[in-house]
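So the protein lines, in turn, are chains B and F.
Under this note's numbering, the residue at position 34 of the first sequence is numbered 34, and the numbers go up by one with no gaps.
Under this note's numbering, the residue at position 100 of the second sequence is numbered 213, and the numbers go up by one with no gaps.
The hints are all genuine.
Straight-line alpha carbon distances no greater than 25 Å define the calculated DMTMM-like cross-link-like pairs of lysine to aspartate or glutamate that follow:
id : chain 1 : residue 1 : chain 2 : residue 2
1  : F       : Lys154    : B       : Glu83
2  : F       : Lys116    : B       : Glu44
3  : F       : Lys170    : F       : Glu128
4  : B       : Lys24     : F       : Glu152
5  : B       : Lys24     : B       : Asp56
6  : B       : Lys68     : B       : Glu11
7  : F       : Lys221    : B       : Glu44
8  : F       : Lys218    : B       : Asp57
9  : F       : Lys153    : B       : Asp86
10 : F       : Lys218    : B       : Glu44
11 : F       : Lys116    : B       : Asp57
12 : F       : Lys116    : B       : Glu62
13 : F       : Lys154    : B       : Glu44
Just so you know, these hints were derived from the structure itself, not from any lab.
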Amino acid sequence: DAGVIQSPRHEVTEMGQEVTLRCKPISGHDYLFWYRQTMMRGLELLIYFNNNVPIDDSGMPEDRFSAKMPNASFSTLKIQPSEPRDSAVYFCASSFDTPSPLHFGNGTRLTVT
Amino acid sequence: EDKVVQSPLSLVVHEGDTVTLNCSYEVTNFRSLLWYKQEKKAPTFLFMLTSSGIEKKSGRLSSILDKKELFSILNITATQTGDSAIYLCALTYSGAGSYQLTFGKGTKLSVIP
Numbered sequence: 001d002a003g004v005i006q007s008p009r010h011e012v013t014e015m016g017q018e019v020t021l022r023c024k025p026i027s028g029h030d031y032l033f034w035y036r037q038t039m040m041r042g043l044e045l046l047i048y049f050n051n052n053v054p055i056d057d058s059g060m061p062e063d064r065f066s067a068k069m070p071n072a073s074f075s076t077l078k079i080q081p082s083e084p085r086d087s088a089v090y091f092c093a094s095s096f097d098t099p100s101p102l103h104f105g106n107g108t109r110l111t112v113t
Numbered sequence: 114e115d116k117v118v119q120s121p122l123s124l125v126v127h128e129g130d131t132v133t134l135n136c137s138y139e140v141t142n143f144r145s146l147l148w149y150k151q152e153k154k155a156p157t158f159l160f161m162l163t164s165s166g167i168e169k170k171s172g173r174l175s176s177i178l179d180k181k182e183l184f185s186i187l188n189i190t191a192t193q194t195g196d197s198a199i200y201l202c203a204l205t206y207s208g209a210g211s212y213q214l215t216f217g218k219g220t221k222l223s224v225i226p
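Build out the structure end to end from the sequences listed, making use of the hints.
The following block contains the structure:
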């Protein structure tokens, strides 16, 4: 089991650019979660999917953020246009069921200058 | 307002000490409470506590859940420098028609030799 795989590990971009973060969940896990972590706000849930369908996107900060899950093995989180306040570590996590423990990827550290 | 409150925010102890980390919560439709350890990268799962499993133990770590008083504690005995990490408490519950999972802001534990 390779675990949850995220790419890239680090992303540095300029304000206004589009950023795409990628995630491959653990095979067989029906739930996929996107989290953002900052010192000030801790871990915040952005959106989660069940069987590739978005269930709750109330944590998505604004229309600049969008997420897709075209199939059971891949999800993207896109920010367009990016802003400096989007700088954070973005984690993807998956779980077999609810309320099963989440398995986290190693995160993408995003820096927007 | 925060549904999950952890205390203390940070803690410094010497090797061999025993520590107790606190997590209080306030939700209806509780489903489970989870503890995670986060070192430099992704949070890793420690325990899950539910109505049917209110006490867990693994080696030097143990946790209990008090559903009446709405809190949980994580105990670490004979601490080691490798226990230095951020410990996160997470709550799962049913709300707004969907499954919800919220993290506290964490307790940063530093164990010094």
